[in-house]
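Number of protein chains: 2
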Amino acid sequence: MSESARPRALEIVAVATRLFARRGYDGVSVRDICAEMSVNCSTISYYFGGKRRLYLEVLREQFAARGRALDQAVARSADPREQLAALCETMRDLEAEHPHFSALLARESGGPGPEFQQVAREFEAGPGGRLAELIRNGQRQGVFRAGPRAEHLALVVGLMLNGLAAARVFESPDAPGATERDYFEAVKTIVLEGLLAPPGEAESGHRLGKQSAKPRGPLGR
Amino acid sequence: MSESARPRALEIVAVATRLFARRGYDGVSVRDICAEMSVNCSTISYYFGGKRRLYLEVLREQFAARGRALDQAVARSADPREQLAALCETMRDLEAEHPHFSALLARESGGPGPEFQQVAREFEAGPGGRLAELIRNGQRQGVFRAGPRAEHLALVVGLMLNGLAAARVFESPDAPGATERDYFEAVKTIVLEGLLAPPGEAESGHRLGKQSAKPRGPLGR
Chain A
1 MSESARPRAL EIVAVATRLF ARRGYDGVSV RDICAEMSVN CSTISYYFGG
51 KRRLYLEVLR EQFAARGRAL DQAVARSADP REQLAALCET MRDLEAEHPH
101 FSALLARESG GPGPEFQQVA REFEAGPGGR LAELIRNGQR QGVFRAGPRA
151 EHLALVVGLM LNGLAAARVF ESPDAPGATE RDYFEAVKTI VLEGLLAPPG
201 EAESGHRLGK QSAKPRGPLG R
Chain B
1 MSESARPRAL EIVAVATRLF ARRGYDGVSV RDICAEMSVN CSTISYYFGG
51 KRRLYLEVLR EQFAARGRAL DQAVARSADP REQLAALCET MRDLEAEHPH
101 FSALLARESG GPGPEFQQVA REFEAGPGGR LAELIRNGQR QGVFRAGPRA
151 EHLALVVGLM LNGLAAARVF ESPDAPGATE RDYFEAVKTI VLEGLLAPPG
201 EAESGHRLGK QSAKPRGPLG R
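Line by line, the protein sequences give chains A and B.
The first sequence begins at 1 in this note's numbering and counts up one residue at a time.
The second sequence begins at 1 in this note's numbering and counts up one residue at a time.
Because the hints were derived from the structure by calculation, they are not lab data.
Think of the CB as a built atom: it goes at the ideal place given N, C-alpha and C, for glycine as much as any other residue.
Heads up, a few of these hints could be off.
Take a look, some chain A residues computed to stay more than 12 Å from chain B by CB distance [what the hints assert, rightly or not]:
1) Thr43
2) Lys51
3) Ala65
4) Arg68
5) Gln72
6) Glu193
So, partial list: chain A residues that the calculated Cβ filter (under 10 Å) puts toward chain B [said to hold, decoys possible]:
7) Arg22
8) Asp26
9) Ala106
10) Ile135
11) Val143
12) Glu151
13) His152
14) Met160
15) Val169
Assemble the whole structure, with the sequences as input and the hints as a guide.
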C-alpha cells in the first residue's frame, strides 16, 4: 500500500472495528461500512479485497496493540511483579482508548469464527505466549507463587485483562456501571495480591467497625 | 406441568441446553431439537410454547444452578475466605458436570439477546448479588482487602468463575488444553491469594534454582 493510501485505509479499519464490535461479523456488511464513511464500496475492495480480509485486518490491529502492551510492560522493569502491574495499567488505558477489543472478544469467544481463530492462534504462538513467560519467570524467581502452571494462570489473567465487556453481564442492575478504572483496579488487586487481607490489615479490622476477625494463614497452605 | 410430564420436559431442556451452547440461539431451531430427540415438534410447543420460552427455561435453569452454588458455598462456613474457596470448588464441579453455562455466557456476552438480558437481570437482582455481599462481608471483617468496591471485585470474580469457555481463546496452541481442574485451581489461587508469593516462599526461591529475588511488600501499598 502506498504511503498516501494509508490514512484512508486506516480510517476504514477504524470505522469497521467500531461496527464489528457493536454488531458482530455477521451483523455488518461492506455496504454498512461504506455508508458510515460516505465512500464508494469499491474502495474497500480496492484496499482489502472484501469484508473477510478487512475483518482480519481489524483483528490483527487489535491483537497487535495487545502485543505492544505486553512488550511495553515487560520493558518497564526487570521485576515480574512490576511488569504485571504495568500490564494491568497499560490494558486499562488500552480499554479506555479502544473499547472495541473486549467487545470483539466477547462476541467471538462463544464460537470463534475462522478469522478470529486464525489471528488468535498467531497471537498465542507469538506475543500472547509472553504473558505465560512473564508469570513463569516470576515463579522461577520465587516472587510469584509456585503451584498452578504458568500457562493456566496466564489463561485466567488473560481473561481478566480482556474481559471487561464480558464481565458487564454480571453488573448489578442497581449499582452504577463500573468504569475501566474501577474494573482494572479490581483486576490488579486480585491478580497481584488476591482478596486475602495481609495479616496487618486483618488485625486492624476494627477500623472497619469489626474486631471479630482473627488473621490466619492463606487457605490450603 | 403434571408430575408425569416432568421427565420429558427436563429431557427437552437438557438437549436444548447442549444445542444452544454449541450453536447459539440463532443456530438452533425447534426442528433441530426435535430431530435430536426423535419427538414430534408439537411436543415442544406443548410444554414450552416455542423456542423463545424454551431458551428462557434453559437460561433460568443454568442461572438457578449458579444461585444454588452460591447458597451452598455461603452455607458451608461463616468465614468469607472459606465461602469463596468453597464457591471456586462448587463452580469447578458445576463446570465439569454442566459445561454449557460458560459456553452460553461466552456466546451471549458480546451482545446479549433479550432473553439472556432478562434472566441475567433477574439473577443479579437476586442470587448474583450475594457474591458482592460475600466479598463485602469479608471486607467489613477485615479478612479481605479494603480498597476496591465489593461490586467491582465481584464483577471480576464472577467473570473468572464463569469464564472457562471464554478463557480458552487465550489457550496456547502448543500447550495441552487446560482441564476444569487446572483452570479453577488457577482461579482459586489468584482470587484468594494473588500471584505474589508470601515472603517465606520468595526467600526460599533457591529451591527453584534462583537466589536473586528479594522479598518485598505488595506493590503500591
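Checklist entry - Hint by hint, which ones does the structure fall short of? => result 6
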